[in-house]
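J.: Required output: the full structure, derived from the provided sequences and hints.
Here is how the chains run, residue by residue.
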Amino acid sequence: MSTPLIEVRNIGKTYGNVIALRDVSTEVRAGEVTCVLGDNGAGKSTLIKILAGVHQHDQGEFLFEGKPVRFSSPREALDAGIATVYQDLAVVPLMSVWRNFFLGAEPKKFGFMLDGRKGRETTKRALAEMGIDLRDVEQPVGTLSGGERQCVAIARAVHFGAKVLILDEPTAALGVKQAGVVLRYVAQARDRGLGVVLITHNPHHAYPVGDRFLLLKRGAPLGNYTKAEITLAELTRQMAGGAELEALEHELRGVQTS
Amino acid sequence: MSVTTPTSGSGQESDRATTSTKDERVASVSLTNRLIVRPEIGAALGALVVFLFFSVITEQFLTLSGVATWLDDASTLGIMAIAVALLMIGGEFDLSAGVMTASTALVTALLATQAGLNVWLALLLSLVFALAVGGFNGWLVMRTGLPSFIVTLGTFLALQGLNLGVTRLVTGTVQVSGMRATEGYESAGMLFASTFSIGGQPFRVSVLWWILLTVIAAFVLVKTRFGNWIFAVGGAPTSARAVGVPLVRTKILLFMTTAFAGWVVGSINILRFASVQANQGIGLELQFIIAAVVGGCLLTGGFGSAVGAAIGALIFGMARQGIVYAQWNSDWFMLFLGIMLLSAVLVNNALRRRAERVRR
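As given, the protein sequences belong to chains A and B, one line each in that order.
Position 56 of the first sequence, counting from 1, maps to 55 under numbering that gives the first Met the number 0, and the rest follow consecutively.
Position 166 of the second sequence, counting from 1, maps to 165 under numbering that gives the first Met the number 0, and the rest follow consecutively.
Accuracy of the hints is not assured; some may be wrong.
Selected chain B positions facing chain A (in silico; Cβ < 8 Å) [as the list claims (entries may be wrong)]:
(1) LYS222
(2) THR223
(3) ARG224
(4) ASN227
(5) PHE230
(6) ALA235
(7) SER238
(8) ALA239
(9) VAL242
(10) VAL244
(11) GLY282
(12) PHE302
Some chain B residues flagged as far from chain A (calculated, every beta-carbon gap over 12 Å) [what the hints assert, rightly or not]:
(13) VAL48
(14) VAL66
(15) ALA67
(16) TRP138
(17) ARG142
(18) PHE148
(19) VAL169
(20) SER186
(21) SER193
(22) ILE197
(23) VAL219
(24) VAL323
(25) SER342
Rather than coming from a laboratory, the hints here were simulated on the basis of the structure.
Every residue gets a Cβ at the ideal spot worked out from N, C-alpha and C, and that includes glycine.
T.: Dropping the structure here:
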């Protein structure tokens with residue numbers, strides 16, 4: 000088997016005396032989706048912040064393409080090829096799609112001019128390659144739906160040469176249909192050979208696209224499965240707290256009968 | 000299903016899979032729809048109405064000398080308005096912009112008349128002073144994270160005090176005059192305060208400055224990466240920073256641009272009138288902001304146009320002089336201004352809602 004793009008071994012992070020993350024191991028391979036699942040406060044954000052270079056791990060090993068790394072800034076992670084799409088998407092609503100697409104990395108003409116035509120055409124092509132069909136790249140991003148904005152942000156990361164794409168709860172604020180659309184682009188990015196890290200608390204969104212599932216609970220791994228090892232039902236059960244939920248069910252039943 | 004955004008709520012979601020139909024769909028967006036998203040369209044219509052109105056009801060408005068008069072009135076206001084507009088698009092205010100036009104004129108005049116410097120050298124030092132104050136405004140706003148409204152209100156008051164205090168200290172009065180006798184006055188005057196003739200009617204060179212700076216500002220805003228950054232830092236600063244836009248540098252440069260415009264106007268004034276009052280320029284800062292808002296700039300930043308601000312200034316100049324030609328009391332100008340501003344804000348608000356409308 001080839002070297003994974005990202006491999007973390009027993010990685011851990013403490014903030015002062017708070018253990019935010021401990022003993023977490025997983026891997027991200029090219030053309031695969033690694034899903035990180037967990038409830039609020041499970042350590043999902045801490046893990047992706049380490050991968051994205053926002054924070055640094057203080058235990059364990061973080062290997063990128065087989066070599067141990069420690070990114071000191073998001074810029075460094077980005078330059079290495081790890082792009083992160085946060086929930087706020089880092090888009091400017093009043094600016095057009097293509098201006099957003101190239102923001103911070105504008106195509107230049109004569110050294111200082113903005114190459115608008117190249118920008119528009121490249122944006123259109125990059126979006127089309129991802130199967131996103133926008134009628135007009137001149138429209139403000141604010142007129143797009145939440146799902147579409149997410150897709151533009153994904154397409155931007157793919158276009159600028161990301162090897163690993165980290166998506167922070169991309170489906171959290173979306174309706175069922177829009178979430179489906181976003182998941183399709185996640186699959187699209189995967190099929191283009193990117194390693195994808197998908198953070199979510201919805202097993203129904205994770206299971207169809209995921210190849211690998213890392214479950215976190217209170218900063219510790221609850222389980223690490225490949226798709227062959229786990230069913231959707233089992234994933235859901237574990238996510239929902241599994242045994243705890245059954246106990247709660249018993250309790251509630253007791254309340255009803257008494 | 001493909002991801003599309005029908006702009007006019009049509010019900011043909013299913014047949015949008017192919018990319019070849021894309022251009023046809025763009026063409027289907029009506030011309031009015033295209034125009035309405037231009038920030039300056041409201042101002043342009045307003046200017047047309049004001050122009051026609053005064054052309055019809057007064058004799059002098061449309062004569063060459065009339066045109067020269069209201070263009071001159073609009074020009075110095077316009078030079079400031081476009082710089083203030085860029086800053087507003089970048090999400091900040093500069094209340095010290097008005098008094099800056101007096102400060103720069105005073106620095107030039109004091110250096111030339113009291114210190115005996117060549118006017119060109121005095122102008123250069125005055126420019127350095129202006130850029131330093133602008134840079135300080137920007138640095139302080141970025142460093143403290145305080146609203147620029149408050150920070151520049153502070154600079155505004157400080158400059159106002161300095162203008163009066165230093166002038167009285169040096170000259171014993173509250174004005175500096177005697178520029179005509181200074182070395183280099185004639186040649187510097189050619190650049191800032193001469194006239195050019197069209198059809199026998201002299202026009203002020205400030206009109207050319209105004210047009211030139213409008214063209215430059217519009218070009219920078221729409222056609223350069225710096226322009227892209229201006230929109231971004233005004234529209235969503237955190238997002239802009241996240242994708243690598245140099246937020247602090249962009250904003251500081253915008254404050255320095257406003258100060259630069261203040262220097263241009265200050266130089267025009269001192270070389271034209273050869274004297275300057277220490278209390279000049281106070282209250283003008285609001286006029287600049289009004290012109291920018293009438294021209295389509297959002298008070299909250301991220302949207303607007305330099306050409307719009309120039310047109311806003313034009314409306315100002317036309318109305319102010321038109322009211323004189325119509326021999327009305329100038330009190331009516333304020334009423335006009337209020338109505339103009341309110342309608343501009345209402346139109347802007349509707350436009351922004353249109354642009355920010357989210358579809359799920």
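J.: Taking the hints in turn, state whether each one holds.
T.: Against the structure, the hints:
no. : hint   : in the structure
1   : LYS222 : holds (6 Å)
2   : THR223 : holds (5 Å)
3   : ARG224 : holds (4 Å)
4   : ASN227 : holds (6 Å)
5   : PHE230 : holds (5 Å)
6   : ALA235 : holds (4 Å)
7   : SER238 : holds (4 Å)
8   : ALA239 : holds (7 Å)
9   : VAL242 : holds (4 Å)
10  : VAL244 : holds (5 Å)
11  : GLY282 : violated (31 Å)
12  : PHE302 : holds (5 Å)
13  : VAL48  : holds (27 Å)
14  : VAL66  : holds (34 Å)
15  : ALA67  : holds (35 Å)
16  : TRP138 : holds (22 Å)
17  : ARG142 : holds (21 Å)
18  : PHE148 : holds (21 Å)
19  : VAL169 : holds (42 Å)
20  : SER186 : holds (32 Å)
21  : SER193 : holds (31 Å)
22  : ILE197 : holds (32 Å)
23  : VAL219 : violated (9 Å)
24  : VAL323 : holds (39 Å)
25  : SER342 : holds (21 Å)
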